[in-house]
Amino acid sequence: MKFIIKRVLTLFLTVLIAVYLTIVIANAGGYVDKIAENEIRTNIVMAMKDNPNFRNLSTEEQKRFLEDRVQHELKKRGLDMPFPIRSLYHLKNAMVLNLGRAMYMTSDSGSTLVKSIILERLPVTVLLFTTATVINFLLTLFLGLRLSRRYGSFWDKLVISLSPSSVIPGWFYGIFLIMIFYSWFHILPSGGLVDYPPPSGTISYFLSVLKHMVLPLTSWIIASLFLGIYQNRTFFLIYSTEDYVEVAKAKGLSPRQIEYRYILRPSLPPIITSFALSVISSWTGAIVTEFIFNWPGLGQTMSQAISYFDAPVIVGVTVIYAYLLTITILILDIVYAIIDPRMRIQG
Amino acid sequence: MEEDNKINNEVVSEYTLRGILKEVLSYKAGVASLIILLFFLGITIYTVVAFPYSEAIREWNSSSAHLKKPRNAVPVWWGLFSGKNLPRNIDVTFNSNESNPIHKEFSFTYDDFPTEINIFFKAKYSGDPPIVKIYWEKPDGERMLLEEHTIRSEEDTLYLSNNFSLENRLSTDIASKIGKPIDFSITVPRALFMKYSDKLEVLKGDYKITLDTKFANKNDSLSGELVIYGKLYGIAGTDHLRRPIQIALLWGTPLDLSFGLGASLSITFLELIIASISGWFGGITDSIIQRLTEIYMVLPFLPIMIMISLFYKLSIWSLLFVVIILSIFGSGIKTTRAMVLQVKNLPYIEAAQAYGASNWRIIFLYIIPKILPPVIPNLVASVPVYVFLEAILALFGVLDPTQPTWGRVLEDAFQNGALYKGYVYWVIIPSALLILTAISFSLLGFVLDRIVNPKLKEL
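Note that the protein sequences, when read in sequence, are chains A and B.
For the first sequence, my numbering begins at 1 and goes up steadily by one.
For the second sequence, my numbering begins at 1001 and goes up steadily by one.
It should be emphasised that the hints constitute simulated quantities derived from the structure, not laboratory data.
Do not take every clue at face value.
[As the list claims (entries may be wrong)] Taking CB as the label site, the calculated pair distances span:
#1 B:F1281 to A:I238: 47 to 53 Å
#2 A:Y308 to B:V1424: 41 to 47 Å
#3 B:T1157 to A:Y104: 36 to 42 Å
#4 B:F1281 to A:F12: 24 to 30 Å
If you're wondering where the values come from, they're calculated on a predicted model, not measured in any experiment.
Here a beta-carbon is modelled for each residue, glycine too, at the ideal position from N, C-alpha and C.
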């Protein structure tokens, strides 16, 4: 428990600094200041619209009044201060996910709040990429284990010679999968989340989503399958030459027991580490894959924001990504502590 | 004595370029990767020598340089797979000084219809503009008036294939000639080159075009070019703006490879230096660097890259700098630092300290050379990562659009729906180059890894 609290605190500090860096980078072009000012302006305009006293004023006077109020509000929030102080205000806002209003984009529910746009898209991204990483993890783990037993066989050699295929990123395989299964055979959709119009029943909706997930999932799995199996197999081979495995064999334990108790268990920490790295890289890879497959998640939000030049959304997505990475690392830390007792003692 | 020398030579040979090359060539994968790399080197040298960058940039970004090239034409070699003799461009030049009316003949023996037909006029006149009557004669002797055109300026273009009234006239005419219902639409290029039957077929043979010009003055003249656009062009085809894709692919080779090599070289070496400093000095320096790597771990690399390149409109070289800054505290530091900690306590380092070597001398002359060999395979294998990064940034449209790179071609193809419209060549050729790059560097990295870590050979 103490270990987890300590990790949460350090990770909180890390994400604080990371978000601060994001703000500094974005604000060198003045974008974050503009986002804050727009937010204030929109609120005042709304308030003035609701207030009947302002209707009698001329547009000229209304404009002057608006400018006055905006300046006043900026001063009140400390946004007329020099950047180092001002940036703390931005930092606080970003940390509590008060990300301002989008300039052009809206969420499906019609809101212009960056937060609601992002929170609406996030589950869709998580759905696709958690499925992909979990399938990948299990596949490479068990195929790697099987292959380590058949060391030197035809399949072993095949996997080794196919392992360089993993330098090609998943989204790149995606392009080819679309060309083959959509443009050529016409059997799978080229992208999107569901058919249009969306099917009405829950089951048919689910099946439609599943159909749309096939190509993106396949592209991700192809991209890391062979290298993953190869790496895991090598780990298992290293651990299977340990003395305690020989002892276990001498004791007459079944191969299955040896595999799970004496080979899989000690080799899990390095495997989990590489899994962690693959999850982290999947968050970034998601941006491109979603762009290619038109998958309406965070990554696609990012690419839409780029085409509209919607600065608040771009900064917002970047901040959310920092959070996502931190949460991923925290979860993996906890998993690590569970499978590797040494970590708990150290912590 | 002699035997001693021999052993020494063998040990040393591993560290000379020649020795490493020899070892690399002993692997099949090594041979393959070197062949691919030589191919890219050849392209690079050819491009840099034969096709100056300024000229390439100008051609790539000019809208008028490619008017006479076909739009979305497939590469010439690609056409061989279609099993049909696809049309190439036919250029017919004419000049009224030779004769008036002008008769020009050309033969058309291809299996498919041309894509467009334009006439580019160049006229010299004073007073009233010339009026030109254009007649078309098919191999079977049929002669028709296509258009009576009044020249509008000294340089005038007649887009025959975009002329809707001509298209309507020809199609009603042809429909009545065939007399049966037809299941294809009639466009101008089809009308001018088809057999009159209910199946769409090219009428092969010698065609004749006649330009009968009425001049207002005796000294007026009319010259120009009739272009019948084909479906084949060059070694890589053309894109939606009629630009030859080969320009971007040729110059993309040095640009992409130097981006990839530059990024991986500088990131690896900077990481090496930082990791050595962290491991050697320890204490506060070490913990600051370690905390920095943890912060870098949660910095979302790609979103920040996209944000920076979009907000600040950087060229590919400034972007390379940003990539380096955003990667130097990457995860590579942890593994390299672990190696430094092992090397740190070796006797030769103690000896160096004993003779009074400074910290920096020890880092740069004793530690880095020692841990360099195991790092090299990673350096080589990480080149494709940055080449693909260039493609990603281009796909999002945040790179300088005037620079011809592989990623740019992919982006154009994507934006114009090449995946869905069947312009397969437009995606396949740049992709093939990317894949070749990726495979060659990763194979070379793989082989180098086996050479510097002989333990791997057993597994």
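- request: If any of the earlier hints don't hold here, list their numbers in rising order.
  value: 1 and 2
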